[in-house]
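Novice: All chains should be modelled from the sequences, with the hints used to inform the complete structure.
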Amino acid sequence: MEKTYNPAAIEQHWYSTWEEKDYFAPSQEGESFCIMIPPPNVTGSLHMGHAFQDTIMDALTRYHRMKGYNTLWQPGTDHAGIATQMVVERLINQEGKTRHDYGREKFIERIWDWKEESGGTITQQLRRMGASLDWSRERFTMDDGLSEAVKEVFVSLYEEGLIYRGKRLVNWDPVLHTAVSDLEVLSEEENGSMWHMRYPLSNGPGDLIVATTRPETMLGDAAVAIHPSDERYKHLLGEFVKLPLSGRLIPIIADEYVDPEFGTGCVKITPAHDFNDYEVWTRHKEVPSIQDQVHGGLINIFTPDAAIRENEQDEQDLIPAAYIGLGRIAARKQIVADLDTLGLLEKIEDHKLMVPRGDRSGSIIEPLLTDQWYVKVAPLAEPALEAVKSGEIQFVPDNWKNTYYDWMNNIQDWCISRQIWWGHRIPAWYDELGNIYVGRNEQEVREQHKLADDYPLTQDEDVLDTWFSSALWPFSTLGWPEKTPELEQFYPGSVLVTGFDIIFFWVARMIMMGKKFIGDVPFKKVYIHGLVRDAEGQKMSKSKGNVLDPIDLIDGISLEALVDKRISGMMQPHLAEKIEKATRKAYPDGIPAYGTDALRFTFASLASTGRDIRLDGGRIDGYRNFCNKLWNAARFVLMNTEDQDCGVNGGDLEYSQADKWIVSRLNQVVATTSDAIEGYRLDHAAQEIYEFIWNEYCDWYLELSKISLQSDNVALQRGTRKTLLTVLETVLRLAHPIMPFITEEIWQRVAPLAGVQADTIMLQPYPEPDTNQIDAEAVAAIEWTQQFILGVRRIRGEMNITPGKPLPVLLENVSATDQQYLLQAQVYLQKLGRIESITCLAKGDTAPESAIALVNELRILIPMAGLIDKEAEIARLEKEIAKLEKDLPRIEGKLNNPKFVDKAPVAVIEKEKDKLAKAHSSLANFNEQLLKIQAL
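Per the working numbering, residue 363 is the first one in the sequence shown, and the count goes up by one each step.
Don't take each hint at face value.
As the list claims (entries may be wrong) - Now the in silico label distances, taken between C-beta atoms and shown as ranges:
| hint | residue 1 | residue 2 | range |
| --- | --- | --- | --- |
| 1 | E623 | A1286 | 51 to 59 Å |
| 2 | K365 | D760 | 57 to 65 Å |
| 3 | L563 | D760 | 49 to 57 Å |
| 4 | K695 | L563 | 21 to 29 Å |
| 5 | S970 | S555 | 39 to 47 Å |
| 6 | L688 | M556 | 19 to 27 Å |
| 7 | R1156 | G753 | 14 to 22 Å |
| 8 | S970 | T460 | 43 to 51 Å |
| 9 | E623 | S555 | 14 to 22 Å |
| 10 | G753 | E551 | 34 to 42 Å |
| 11 | D822 | S378 | 41 to 49 Å |
Unchecked claim - Derived pair list, reagent style DMTMM-like, types lysine to aspartate or glutamate, alpha-carbon separation capped at 25 Å:
| hint | residue 1 | residue 2 |
| --- | --- | --- |
| 12 | K887 | E754 |
| 13 | K991 | D917 |
| 14 | K1193 | D1137 |
| 15 | K991 | D951 |
| 16 | K940 | E550 |
| 17 | K1167 | D1137 |
| 18 | K763 | D863 |
| 19 | K927 | E939 |
| 20 | K1265 | D712 |
| 21 | K845 | E522 |
| 22 | K459 | E479 |
Don't read these hints as lab results, they were simulated from the structure.
Ideal placement from N, C-alpha and C gives every residue a C-beta, glycine not left out.
Specialist: Following this line, the structure appears as structure tokens:
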């Protein structure tokens, strides 16, 4: 083995080897285990959320593969309708053209060309993460098979009356000119205004004052609403107000939606431009005074560009001519100015509000009344709800089922149409009379409806929401609607690993579609993981400049390259200086190369059942050191076992107490690690593996083994060599699901020496605990020995005694058990504890002034006289005490400063509190030591 662990030298070699030899494919033996990857966008690149999620999925996959399951981790990517269309549109814009210059067919061809050339970035990055997906089965949500599945589902639901076309309110992106889902809308608090406007009463003097953040929408008002119990306005119910600027009469109605404490307690109702107002309208639309209005009060005032539209023929100047053609912001300014001129503007207040913006365009999303295709969800939701309630599907952690219930119990019909070109085109055709014909293709439509070949039909221009094809992912990827062997083997899947933010958008819809079309749930468990945040607990975002690229953590990146990367990836150029400053402060030396295994182990260690995880370089650095530790331990083992008789082929074997102890602990750790993985607690599994490898195997057993290796007892040497190898080989298999690369590299060298002949660690059996190999007596004895040695080491550290100086040790309260352990551990204590002599004091013996450590009731005493330079040690301790006494007021002052406490992130405050607690503890220890030294 190379002297230094270099992840770059091994990782890509081993991944290409695994893939070339088809190790990721199902074995076709044993019980099936299947995970469907949440298909990343074909436009995407790996981010920290992906890397975290993929580490969890790969660990579970590798674990079950080693446990003998017929394992499939299904790969694939999502066509990402809006995102992909935007990428390619930008490319053709650079040619001075638009998609309309290309035409639909040629534009789609251009997207397919782009996909073949540039659409595989994220799948290559998944390989860098060590993801053991069966790439031979890779799918794409627009490939032929999945497209057929989409058509089949659409037609079937339409024929059952569960898909329909209707006019309803949607999130409309006025830049992209399409409806978008709630998940594609980002709402953030922004500074705005609240306009208070007077609506004159139609019957006599007086007016009602309404407050709004969007005065331009008043042109589409259908009513003014008050709370039913509001005594101020109850007498006006049934009356009308005259809508300023347009002169329409709109009724005053009562609805529970109104908060009488907010503003004046009067709310304008604009049902075609506000989701809450639309719900109010649905409750009152049969009221004659609303029903008699133009369009029944459901008045859309905007064009697809969010400009004020023209009046239609039957609307009789519904919209005043002065505003027609103005964009919504310009219309707002003009309307406010005109209200002010008419004396109808009461006041304007500064107001913070949540502003919805499209995640792709950045444009403010407009609730807009449009014709769209919908899925009638309620009939599909009922069996999907029951699947979770009955336990067919379990959420991990269990509390997430409540979020699922909440969404499903309040479910609304699903808008599935999008006004773009890239995606599954809706399989519906129209004739010149506006009749709709739905079928799998145009020929089927003509045959079913007996339409001549020359009868004019036009296919719907819209495509389906990306989530529609994603909802079919668990069975469409396995070949449905054909009854394939894969569908029989791997449906339902074993577990879905995903974030809580798409429980409704994806998880619920997969359950609904699986129950509907397969008659079974798509997976048995849903493991909900947390979100990755930065070291301060902040959400990672380009605007904050705290985004980390997993590949940069694996390969390393210079400070200058990191600054350039963050600035070039920003959507807000004015923040460039702020981002550069924050980056230089956080990473003054750039980011070192940690390697994939260190990053994966970090993710596993953080994979608790909480919602958020905090990632910082210090933690990754610690696990890079852990990889180094394992590497160096393997080198020690190989140096002491290669070309040596290791007892794997028989011969006399004798095992030391340390050998028996490490084998016992290994079997205990195997059991707890397996239980942790089975329970989806990768954090517990990682902790078990870390503690065993670092503390027990490396720090203790390797040191204890040197004593046996240096003895004259050949059988004992042979037994220890065999133990070194078998424990290391086993622990490599134990850690492999989390750290695949380093474990494979070391295992290739260790396995033959341990008597294992095989091509790869990843197809070896996962360790099983053997209770017959657990020697409780050896465990107790070595734990006693460890406590003894640690006690001596603690005294050395506290008293600043040279590590190599042999120490005389006195013992008090020595029990029979202590005597037994002392006899067995004599050589370990002398070698590892650097102990000169051990004397057991009889009752009544007076001990000299000593430093004391305890092992249960046993008192370990080390006489101080002659061991230290008393005056030098007093001077050292007084210097440390003075430094702490100087630091304490500064830390306390910061924590007592309201400005710091109110503004600093929670993580920073907690760090200062920890610093204060440690300072107090250290001060107390130094003072105690000083008194002891002065007493000598």
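Novice: Compare the structure with each hint and give your call.
Specialist: Right, here's what the structure says about each hint:
| no. | hint | in the structure |
| --- | --- | --- |
| 1 | E623 x A1286: 51 to 59 Å | holds, 54 Å |
| 2 | K365 x D760: 57 to 65 Å | violated, 49 Å |
| 3 | L563 x D760: 49 to 57 Å | holds, 56 Å |
| 4 | K695 x L563: 21 to 29 Å | holds, 27 Å |
| 5 | S970 x S555: 39 to 47 Å | holds, 43 Å |
| 6 | L688 x M556: 19 to 27 Å | holds, 22 Å |
| 7 | R1156 x G753: 14 to 22 Å | violated, 51 Å |
| 8 | S970 x T460: 43 to 51 Å | holds, 49 Å |
| 9 | E623 x S555: 14 to 22 Å | holds, 20 Å |
| 10 | G753 x E551: 34 to 42 Å | holds, 40 Å |
| 11 | D822 x S378: 41 to 49 Å | holds, 45 Å |
| 12 | K887 x E754 | holds, 8 Å |
| 13 | K991 x D917 | holds, 20 Å |
| 14 | K1193 x D1137 | holds, 24 Å |
| 15 | K991 x D951 | holds, 24 Å |
| 16 | K940 x E550 | holds, 20 Å |
| 17 | K1167 x D1137 | violated, 34 Å |
| 18 | K763 x D863 | holds, 13 Å |
| 19 | K927 x E939 | holds, 13 Å |
| 20 | K1265 x D712 | holds, 23 Å |
| 21 | K845 x E522 | holds, 22 Å |
| 22 | K459 x E479 | holds, 21 Å |
Hint compliance for this structure: hints 2, 7, 17 are broken, all remaining hints hold.
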